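Peer 1: Residues per chain, in single letters:
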Amino acid sequence: MITTDTGGETPHSTVGAHEESGSPDHTVQLLSPTGDRLDDAVYSARAAHLDRAALEDLYRDMALTRRFDNEATSLQRQGELGLWPPSLGQEAAQVGSARALRPQDFVFPSYREHGVAWVRGLDMRRLLVLYRGRDHGGWDAYQHNYNVPTLVIGAHTLHATGYGMGIQRDGDIGTGDPDRDRAVVAYFGDGATSQGDVSEAMVFASAASVPVVFFCQNNQWAISVPTAKQSRIPLVHRGEGFGIPSVRVDGNDVIACYAVMDEALERAHNGGGPTFIEAVTYRMGAHTTSDDPTRYRSRAEEEHWRQRDPIARLRIHLEKSGTAPEFFDRVEAEADRLGEDTRAFCRALDKPDPESMFDHVYATSNSQIERERAWFRDYEASFDQEAQR
Amino acid sequence: MPAYQPFNLPDVGEGLTEADIVEWKVSPGDTVTVNQTIVEIETAKSLVELPSPYAGVVHEVLAEVGASVDVGSPIIVIDTDPGGEAAAPSDSGGEAETSGDVLVGYGTKAPSQARRARRHAGTTATAAPEQPPAPGPEPERLAPEPAVAAPEPASPSEAAPSSAVLAKPPVRKLAKDLGVDLSRLKGTGPGGIVTREDVNAAVENEQPERLVVYPGDDRPWLDGGTVSADGRTTRVPVRSVRRRTAEAMVASAFSAPHVTVITATDVTKTMKLVKTLREERDFADVRVTPTLIAAKALILAIRRHPEISAAWDDETQEIVYKHYINLGIAAATPRGLVVPNIKDAHRLGLHDLALALSELTTTARAGRTTPAAMTGGTVTITNIGTFGIDTGTPILNPGESAILAVGAITKRPWVHKNKVKPRWVTRLALSFDHRLVDGELGSRVLQDVAATLNDPARGLVWG
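Residue numbers (the numbering used here), protein chains in the order written: chain A, 1 to 389; chain B, 1001 to 1463.
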């Protein structure tokens, strides 16, 4: 077993420090697949304040994320989107972790983090713009402190570490002011851990004690390559190898995901440096709508994970603890409305104004761009003149 | 009012051009809801279930199970207002243009219209018609292996559906290029994957048996066929375009007594006119070809001899004279011979005729010609010159009384102003239905076509 010598000061930060005897790794779990809350010596306290109302909110987040995602998948199948990467099955990892963030924390997502976008307050429908090929997508990243998606696998982990180094230089860690201390989160998948960028990002983050959280959603499949073919050790040990406190969590347990992220952010905010989180989850859909998972994985495996569905598990728990059936009906009705809105929004997306391509070439306007814009405007207008003749 | 909404086959992958219908989950009369699964299709990449974009009642299913459908073609028509009053159903064929509101993907665009004129149009005179990618079949489809859902493999790491051939894309490409049927190979790579070496070995073994094997030959005509046990023949069921062509040829050849008259003519002035028109600003947005002038010449000839625009009605023992020209154009497409026609071509000026001509051929080459476009023709042009052929004896399109074959236009020695000069010369052949067209009438029509092509200025006199 690999352990990190932390002098015993942060025993819960390393995998195995509080594992059950005999097991090589410990996976933090606070909600069982059968909907029972579990005790954990270290993490239960971090989720103790999540009462039924808070859990109902988490349920709603996950249900709406799923509905949006399913609608987008259907839209792709109907020819309305060029491509779609479904988040189906990963709602707990995304929603639970994102709910632990403070507004000033900054997120670098990859392209599947629809649930994180939702929690950050981004209108999820804006995610469709890129996949409809209307334009390159994008938004003001500072509006919700949620960056635009990075499609290049793992590349944004470097950006996240760099952004975290900027936070250090701004002095926004360890001040004790909850409105000032900031952290960065990079969301990526198991496949990304095989990329050089991710290793480099972790080297720098560890060496410079950067306030960054590496949140790895291990959804078991890097397109068609299973995690076991990419790593001889559990991915959580990757973090340890860089000297980064690392923890593995049940990624389909929304409460546990919240708790481990809460711990990681607290460390970052306090100047304790990076954390690596392996959230063990499952991509229940295709990698993107362009592939066919039945070609590389078994139905038995899919069924195994369907029994561990993150939303069903929380629903069972809520039902046991007294949530009224009307609550679920309300959420379902809201999800249906979101689905319809999403469909209408997508179909209404029109071609962008051609001139808009000049808008974001430079941060501020300059004479060269203005000259080119004026030329282009004349050129476009010439067609109308031609038509009138 | 019933509202018939066609659903066009979307590109569910990235850049796919076609897919096969595996199973319909609904049939006409069924009520469907938005996102209800209606059909399972198989693309080159995967089996995919398509959800309905509309709620309503299934009006018509347009593609059979097993059919290979181009992306962008309508596959089902759904009535989104079934309670409404009956109204004349729109073309149930669901013309491609009607689906403009569906975005994706790379292949669902309606047939490209003539480009709008650019300011400096003169410098970009012609826009070549789009050449659609030839929809080559995957080699493994040659074998009659049913497309079925992947069976359940034992464990995820060995998830290898036994019915599918495992091979990497470059190996698939190699096999396709070499004409090797992947499904007949036994892969020697890890997990039974077919390797480059397997394909090369198969070529060495198979090559002597094959009649024609050359790189790039994807043999679409063998699609759906059954290879004989000895590998020396393939039996292909007669389907769609091939069947229609055969039926039309038999119907025509064995009911209408054909006569063909042939003449050679100097078309140098037509070639000059084509060149002039290509530089003409007004024609910058269309493709000007000798075929265009030949079409115009044929229209003028029929105007002068309208009695040739007729059809023999055997049932009523009548001759039906048609006071209009629906000009058919025989087009060789990846799917076979189709003869769409330009409706009321006699009303079109030269520019509009050129527009109609290029739109019709583009649509045909893209395989999107609608049945409506192929019926009601009155006369046809077949441009066999495209294949470098001098002339031939074309068979009438059923229901028509004449067909003009335009041969290759080549430079030949020709007596011009009493001297032998190199001139652009072509041969024209006109087949006609001798039941209603006599030799004199047929000859006069052909002579008029030849005269106009010889001196297009005659068009001013006759037009």
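Just so you know, not all the hints are guaranteed correct.
In silico DSBU-like cross-links for lysine-lysine, where the CA-CA straight-line distance does not exceed 35 Å [to be verified]: (1) B:K1421 x B:K1269; (2) B:K1269 x B:K1411; (3) A:K229 x B:K1269; (4) B:K1173 x B:K1186; (5) B:K1343 x B:K1411; (6) B:K1269 x B:K1173; (7) B:K1272 x B:K1168; (8) B:K1269 x A:K351; (9) B:K1173 x B:K1272; (10) B:K1322 x A:K229; (11) B:K1275 x A:K229; (12) B:K1272 x B:K1343.
By construction, these hints were calculated from the structure, which means they are not laboratory data. This structure is a prediction, so every number in the text was calculated from the model and none was measured.
Peer 1: Work down the list of hints and note, for each, if the structure agrees.
Peer 2: These are the hints, each one checked on the structure:
Among the hinted pairs, B:K1421 with B:K1269 is consistent with the structure: their alpha-carbon atoms are about 14 Å apart, no more than 35 Å. For a cut-off of 35 Å, the pair hint linking B:K1269 to B:K1411 stands: about 13 Å separates their Cα positions. Distance check on the hinted pair: A:K229 and B:K1269 sit about 72 Å apart at the alpha-carbon level, beyond 35 Å; violated. Restraint check for B:K1173 and B:K1186: satisfied, since their Cα atoms lie roughly 17 Å apart, inside the 35 Å limit.
Taken as a hint, the B:K1343 and B:K1411 pair is honoured in the structure, with Cα atoms around 34 Å apart against an allowance of 35 Å. Taking the CA atoms of B:K1269 and B:K1173, the gap is near 48 Å; set against the 35 Å cutoff, the hint is violated. A hinted pair counts as satisfied when its Cα atoms are at most 35 Å apart, and B:K1272 with B:K1168 does not qualify at roughly 53 Å. For the proposed pair B:K1269 and A:K351, the alpha carbon gap of about 46 Å is over 35 Å, so the pair is violated.
Between B:K1173 and B:K1272, the direct Cα distance comes to roughly 45 Å. Violation of the 35 Å bound is thereby established for this hinted pair. For the given pair, B:K1322 sits about 73 Å from A:K229 by alpha-carbon distance, which is inconsistent with the 35 Å threshold. For the suggested pair B:K1275 and A:K229, the alpha carbons sit about 64 Å apart, so the restraint of at most 35 Å is broken. At roughly 28 Å between alpha-carbon atoms, B:K1272 and B:K1343 fall within 35 Å of each other, so this suggested pair holds.
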